[in-house]
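Q: Can you join these two chains into the complex? Each is in its own frame, and there are hints to help.
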Amino acid sequence: MADTTNSESQGSAFKPNFSSELNIESLISAPLIAASKANVAMVTGQARFLLEYCFEKNEKTNTHEPKMITMSLSKGIINSSKNPGDADYIRLETINFTLPLLCIIPLSSIAVDKVTIDFDMEITSVTSYESESGILEKRAILNGKISNSSQENTDSSKNQYKSQSSSKLKVNVNAGPLPLPLGILTILDMYNKAIQPSPVEKK
Amino acid sequence: MINKDQSIPCPVCQTKIPFDTHQLLTGVQFSCSNCSAAIGLSTESKKLVEETMVKLEDLKTKKVR
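So the sequence lines, in the order shown, correspond to chains C and H. The opening position of the first sequence corresponds to residue 1455 in the numbering used here, with each subsequent residue numbered one higher. The opening position of the second sequence corresponds to residue 331 in the numbering used here, with each subsequent residue numbered one higher.
Worth flagging that the hints you see were computed from the coordinates, not collected in a lab. Quick caveat: nothing in here was measured; it's all calculated off a predicted structure. Keep in mind that the hints are not guaranteed to be accurate.
[As the list claims (entries may be wrong)] Here are the computed lysine to any residue pairs in the SDA-like style, where the Cα-Cα straight-line distance is at most 20 Å:
1) Lys390/H to Ser1562/C
2) Lys1624/C to Val1569/C
3) Lys385/H to Phe1503/C
4) Lys1529/C to Thr373/H
5) Lys376/H to Glu1510/C
6) Lys1529/C to Lys390/H
7) Lys1568/C to Val1497/C
8) Lys346/H to Ile1641/C
9) Lys385/H to Thr1498/C
10) Lys1529/C to Lys385/H
11) Lys346/H to Ile1544/C
12) Lys385/H to Gly1499/C
13) Lys1647/C to Gln344/H
14) Lys385/H to His1518/C
15) Lys1647/C to Gln336/H
One chain only, chain H, in its complex shape (with noise of 0.2 Å):
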């Protein structure tokens, strides 16, 4: 499976809001094309997400026994 499409609506217009969940966790934010506003990941949160990025890649590299 693969999520192409790696969007959330705009919370402000309901715009879709492409991102790169590589760059939210090096504090980079994201423009609505509508309306301007910015998304971006909260500092509270990065640590989960970081874990979690990492587990998909042990996952993604771990060798078929």
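Pulled out of the complex, with its shape left as it was, chain C reads as follows (with noise of 0.2 Å):
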């Protein structure tokens, strides 16, 4: 449920109320929680694409196995039994081998890897509280508002002044790609490791 005391909404516009006091930890971490949720979001999207497209899921013994696909090799082989002039001297050989479709499948996402949150505040007020572990350690919290930069617009035509004031919060988020998790990497190579060939049957 959202929170509306600190919000004003103006018909379908929501602005944002920062001349309230709130604590300095909440204006920190609200950016900070919003980054790691998208973070959460993204990951879960692809663990469930990983689950659902390239696992099946075992009812009997519920388990997911790997959706399997086949591919095949070509090599040419020469045939010891024949001159270096025979047309047949090297045949081209096919086999086919499975390997788990995950193994292709190109993985690959974007996570935020860096918030930077830039604000002035102006502290209103200074609280402190006593740690229940001991008697000298004394914690402050910091209370403020978000300060206003003002601006004066001239417009030397009319003689007019225009001024407004505005709180900002300016959030840096920049996005970056992230390496495979150790157990998609484990994954892979132990599927990696386990491709056996075996000869195509000829219909």
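A: Listed below in structure tokens is the structure:
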């Protein structure tokens, strides 16, 4: 449920009210929580994709088994019973091998790897409390509001001055590619090592 | 997560064969640099790989709600 105490809604436009007092933890943690939630959503989507499309659920054993695909391997084989000039001295041999679908799917995703929060804060009050662990350990809580930045626009032709004040909380979010998780790398490595060629059945 | 190293070991000599899944789907074969064996996607598995790639593209383009 949305907290409406620090925001104003006029029609369809959402205007957060930064002039009210907030504690510094809330101001810093809100963008970090949003970034964390975005990362979780992306990773969950990838995991769901892998389980849904690259694995099949075995209802009997309640396990997920990889979907397998067949690939062909062609290699020239020298027929030692023939002479180098003969037509079938080198014959093309084709064998099949199976490997999990997961091994050839180009998994890729980006994730938020850097969040920069930039704002000026006016400290309006400081409270402190003693921690339960020791008397000497006092912790302070800073309360304040995001500073207003005033802008004055001058219209020289009409000699009019417009003053605009706004509160700005600047959040820079950088996203970058993530390496494959160790779990998936281990699975891929295990599958790759288990590739065994099998001869093609001639029809 | 990103799988930069798209390669599978050659079933003959275990040398890594780099490949591109989109090109595999078009019928391209990739050769082993060591033993010259060529790998390709068999026609029977083409449909499954194609469908999965479409689903992956859908996931990438899906907007966050």
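Q: Taking the hints in turn, state whether each one holds.
A: Status of each hint after checking the structure:
1. Lys390/H to Ser1562/C: holds, 9 Å
2. Lys1624/C to Val1569/C: The given pair, whose Cα atoms are some 10 Å apart, holds under the 20 Å limit.
3. Lys385/H to Phe1503/C: With a Cα-Cα distance of about 8 Å, the restraint between Lys385/H and Phe1503/C holds, given a limit of 20 Å.
4. Lys1529/C to Thr373/H: holds, 18 Å
5. Lys376/H to Glu1510/C: holds, 18 Å
6. Lys1529/C to Lys390/H: violated, 37 Å
7. Lys1568/C to Val1497/C: holds, 16 Å
8. Lys346/H to Ile1641/C: Since the Cα atoms of Lys346/H and Ile1641/C sit roughly 17 Å apart, the hinted pair holds (cutoff 20 Å).
9. Lys385/H to Thr1498/C: holds, 15 Å
10. Lys1529/C to Lys385/H: violated, 33 Å
11. Lys346/H to Ile1544/C: violated, 25 Å
12. Lys385/H to Gly1499/C: Distance ~12 Å between Lys385/H and Gly1499/C Cα, so the pair holds.
13. Lys1647/C to Gln344/H: holds, 9 Å
14. Lys385/H to His1518/C: holds, 19 Å
15. Lys1647/C to Gln336/H: Distance ~15 Å between Lys1647/C and Gln336/H Cα, so the pair holds.
Hint violations for this structure: numbers 6, 10, 11, all remaining hints satisfied.
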